[in-house]
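Peer 1: Listed below are the residues making up each chain.
2 protein chains.
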Amino acid sequence: MAERIIIIGGDAAGMAAVSQIRKGAPEAEIIALEKGTQTSYAACGIPFLVGGEVEGGIEQLVARSPEQHRQTGLDLRTRHEATAIDTTARTVEVHDLDGDQRFTLEFDQLLIGTGGKPIRPPFPGIDLPFVHGVHGLDTGARLLAAMEDESVQNIVIVGAGYIGIEMAEAFLHQGRAPTVVEMASQPLTLLDPELGALIGDTMTSHGLDLRTETAVEGFEPGVVHTSGGPIPADLVVLGIGLGPDSQLAADAGLDLGVSNAIVVDDRMQTSVEGIWAAGDCVESTHLVTGQKVHIALGTYANKQARVAGINIGGGDARMPGVLGTAITKACDTEIALTGINSAQAAAAGFDVLTHSITSPTRAHYYPGVSDMTVRLIVDRPTGRLLGAQIVGGGDSAKRIDTCVVAITAGMTIEQILDLDLAYAPPFSPVWDPVAVAARETMKRR
Amino acid sequence: MAERIIIIGGDAAGMAAVSQIRKGAPEAEIIALEKGTQTSYAACGIPFLVGGEVEGGIEQLVARSPEQHRQTGLDLRTRHEATAIDTTARTVEVHDLDGDQRFTLEFDQLLIGTGGKPIRPPFPGIDLPFVHGVHGLDTGARLLAAMEDESVQNIVIVGAGYIGIEMAEAFLHQGRAPTVVEMASQPLTLLDPELGALIGDTMTSHGLDLRTETAVEGFEPGVVHTSGGPIPADLVVLGIGLGPDSQLAADAGLDLGVSNAIVVDDRMQTSVEGIWAAGDCVESTHLVTGQKVHIALGTYANKQARVAGINIGGGDARMPGVLGTAITKACDTEIALTGINSAQAAAAGFDVLTHSITSPTRAHYYPGVSDMTVRLIVDRPTGRLLGAQIVGGGDSAKRIDTCVVAITAGMTIEQILDLDLAYAPPFSPVWDPVAVAARETMKRR
Chain A
1111 MAERIIIIGG
1121 DAAGMAAVSQ
1131 IRKGAPEAEI
1141 IALEKGTQTS
1151 YAACGIPFLV
1161 GGEVEGGIEQ
1171 LVARSPEQHR
1181 QTGLDLRTRH
1191 EATAIDTTAR
1201 TVEVHDLDGD
1211 QRFTLEFDQL
1221 LIGTGGKPIR
1231 PPFPGIDLPF
1241 VHGVHGLDTG
1251 ARLLAAMEDE
1261 SVQNIVIVGA
1271 GYIGIEMAEA
1281 FLHQGRAPTV
1291 VEMASQPLTL
1301 LDPELGALIG
1311 DTMTSHGLDL
1321 RTETAVEGFE
1331 PGVVHTSGGP
1341 IPADLVVLGI
1351 GLGPDSQLAA
1361 DAGLDLGVSN
1371 AIVVDDRMQT
1381 SVEGIWAAGD
1391 CVESTHLVTG
1401 QKVHIALGTY
1411 ANKQARVAGI
1421 NIGGGDARMP
1431 GVLGTAITKA
1441 CDTEIALTGI
1451 NSAQAAAAGF
1461 DVLTHSITSP
1471 TRAHYYPGVS
1481 DMTVRLIVDR
1491 PTGRLLGAQI
1501 VGGGDSAKRI
1511 DTCVVAITAG
1521 MTIEQILDLD
1531 LAYAPPFSPV
1541 WDPVAVAARE
1551 TMKRR
Chain B
1111 MAERIIIIGG
1121 DAAGMAAVSQ
1131 IRKGAPEAEI
1141 IALEKGTQTS
1151 YAACGIPFLV
1161 GGEVEGGIEQ
1171 LVARSPEQHR
1181 QTGLDLRTRH
1191 EATAIDTTAR
1201 TVEVHDLDGD
1211 QRFTLEFDQL
1221 LIGTGGKPIR
1231 PPFPGIDLPF
1241 VHGVHGLDTG
1251 ARLLAAMEDE
1261 SVQNIVIVGA
1271 GYIGIEMAEA
1281 FLHQGRAPTV
1291 VEMASQPLTL
1301 LDPELGALIG
1311 DTMTSHGLDL
1321 RTETAVEGFE
1331 PGVVHTSGGP
1341 IPADLVVLGI
1351 GLGPDSQLAA
1361 DAGLDLGVSN
1371 AIVVDDRMQT
1381 SVEGIWAAGD
1391 CVESTHLVTG
1401 QKVHIALGTY
1411 ANKQARVAGI
1421 NIGGGDARMP
1431 GVLGTAITKA
1441 CDTEIALTGI
1451 NSAQAAAAGF
1461 DVLTHSITSP
1471 TRAHYYPGVS
1481 DMTVRLIVDR
1491 PTGRLLGAQI
1501 VGGGDSAKRI
1511 DTCVVAITAG
1521 MTIEQILDLD
1531 LAYAPPFSPV
1541 WDPVAVAARE
1551 TMKRR
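So the protein lines, in turn, are chains A and B. Remember, my numbering sits 1110 above the position in the first sequence when you count from 1. Remember, my numbering sits 1110 above the position in the second sequence when you count from 1.
What the hints contain is simulated information worked out from the structure, not anything from laboratory work. No experiment lies behind these values; they were computed from the predicted model shown. Just to be clear, a hint being listed does not mean it is correct.
Since the list gives no way to pick out one identical chain from another, each pair is judged satisfied if it fits inside one copy or across any two copies.
[As the list claims (entries may be wrong)] Below 35 Å or equal to it, Euclidean Cα-Cα: the simulated DSBU-like pairs (lysine-lysine) are:
(1) Lys1553 / Lys1402
(2) Lys1145 / Lys1402
(3) Lys1439 / Lys1402
(4) Lys1133 / Lys1553
(5) Lys1402 / Lys1133
(6) Lys1227 / Lys1145
Given only the sequences and the hints, what does the whole structure look like? Please build it.
Peer 2: Structural data, given as structure tokens:
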């Protein structure tokens, strides 16, 4: 009898594995269970959808619809929730939400791609309907609809992380000036304070009311209570972060690790043989520190699904360590970081050398030139790059990739200065800003 | 007595060494000889100046004027030409062009930064005044002035390399539609033919008359004679390339290497101890092939000057190998390459695997998305990246730096696929185009 493979979750972590599984095990029966109605959508696009920047609307965020998946021959069951996994009997309990029927499916191998869920601290009133997490296309549709409602004027965003910043820009695009409440002393706490301050300046200069060092205390209709007093609110968006949705795995007795993310080995296998997991529900290994981390990124979900799919199909692939590379923008300011920041480096026991430089993005005489700040985090004794951060104008942030490759290759700042990086006046100054940062940091060793 | 160091040439290769020399040898007497009137200017900016894109005009291209250099205490003598070097007596013969005096200067160490000169094949009529090489700010000024002259309508560019393409775009900016004559079957012959064809398409779609496989046979006032017949011309620009200006070094008996560039070791010392050279007049070592090459780039001049300056000052620095990384644009199409192309790889004895992919530059739903083509040149047995080429829309070309670092680190395409490259909808699709190219090339091994 053909092997049966069950996939739980119809987003990237599950669906991106299918083609790999088919390549390795073309005879296998694959059943995919998705409790919602949508598959393979770009959650990262939601802020831009809400901001009205996605021409063609919400459908554009769907990379592959359920119908398209089915056309490939996949047995995809939407509105089917996996409610329990029996790792001994090797079965999944399924709840058909529309028919309200429950049944059991046997599996030979299982891939868990249950994803993440917005962190919702137990503030009083957090379940009020005007408080929205950012999760799934439904949220996107709801928030976009709210932009048509003129009575929605006072918007409060809780948390000035990536999602908070991107949602703030989205509301600005829609002619609203939201208030952003952040417990820490700066937005994007993964940035070293010097660069975090630059983001704060940008946000306020664009008309946002940024309130740092302000703790949310609770919600009541029309108001957010904070340590700095009440703030009127017609709509609240939570941008506190995304935790792993690992309850199903935990109930099945699978090992959980950091932040309750599912423990997997580098082949994406959980603590039970033949049961695999991928995406926002699993933990990763940090390439610089070797520590386990939970970082929810669409790129990891896709990579992990590819690795899991190859291994489920009988191949052998390994998930590399991660650097937590992230990139975003706050209005006209681009932001990127990779590796570890100064505080993380110190905590990990490194003798940390950090330095920032500010450089033009292009030849100083070329139209469209702007400034960019590059900060390098370096292991002083060896000169090895541990992390990098960029804040700047147009065309600055994606240069973080130079640092991504350098960190992965274990390069020193001396080796970075030697790189034959691309130069022409429309693209860079003669010394690329990353090389300038390396050179100036070298002087401080 | 303080050591005397003479620098020949007032552009980047010479001037960028000064601060390094001073750091290492603060007591040294430094004399810089420049036969022209300008110093430290951005030759790479000339096409953009001619195109009218440099706000503020020609002065913007001068990074540091002679006066500014002198204010730092440098004994800089403009309009002073070094006419001979005696390596035994350790003297330089100097011609003061304005005073028309000749004198001799002794040196302890010498840095030759004579730069490059536009290649001028011995075509009949090449010295006619309407035929211009692109060299120095004077050319820039002359060509910019010609743009004010309505009688200059028929412009012919000889050669569709970087300079030819950038000059063509400059004339387009000024409302002229030049004819570009190229001997080869495509522009930018360093690109593999598939990508070279894309550039040809772009150029013609913007109104340029591109004539490939067409050889220039000579010039007469008002006309360029070619293998494809005569072309009317009020102005001709040579974009055939830049050779080393090494005659002075050759006359002094210094060893010349590839393309008659001055032979230097990795400390930038010539074949005579204490005589150094840097910039467009020297040869480099290619990082992939280990072969000597002559590649004239402003970035190399600056790096070499830094290395030479440190060594002249008694330190120890080494010039790394080069990858020939280049980046430019043809109107709205960006172009970049690094490492070696398919033909060079085959000639160097590699078992070559090449593949191209075309990917969106951003999330497909994000405004401003365009296409970019990435071509990888790979050593088939090991999977090691040998070269990369990018042709695409906005924000595509500078991604070549990912490949620059990967080639330098000796990475395989498998390792490139594993890189934690930055993703967010405004900046990249989930799989970065370079990673997509690695993945698709892997499938063909």
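Peer 1: Confirm or reject each hint.
Peer 2: Results of checking the hints against the structure:
{"no.": "1", "hint": "Lys1553 / Lys1402", "verdict": "both (33 Å within a copy, 31 Å between copies)"}
{"no.": "2", "hint": "Lys1145 / Lys1402", "verdict": "within (29 Å within a copy, 62 Å between copies)"}
{"no.": "3", "hint": "Lys1439 / Lys1402", "verdict": "within (27 Å within a copy, 43 Å between copies)"}
{"no.": "4", "hint": "Lys1133 / Lys1553", "verdict": "between (52 Å within a copy, 12 Å between copies)"}
{"no.": "5", "hint": "Lys1402 / Lys1133", "verdict": "within (31 Å within a copy, 45 Å between copies)"}
{"no.": "6", "hint": "Lys1227 / Lys1145", "verdict": "within (14 Å within a copy, 69 Å between copies)"}
The structure meets every hint from the earlier list without exception.
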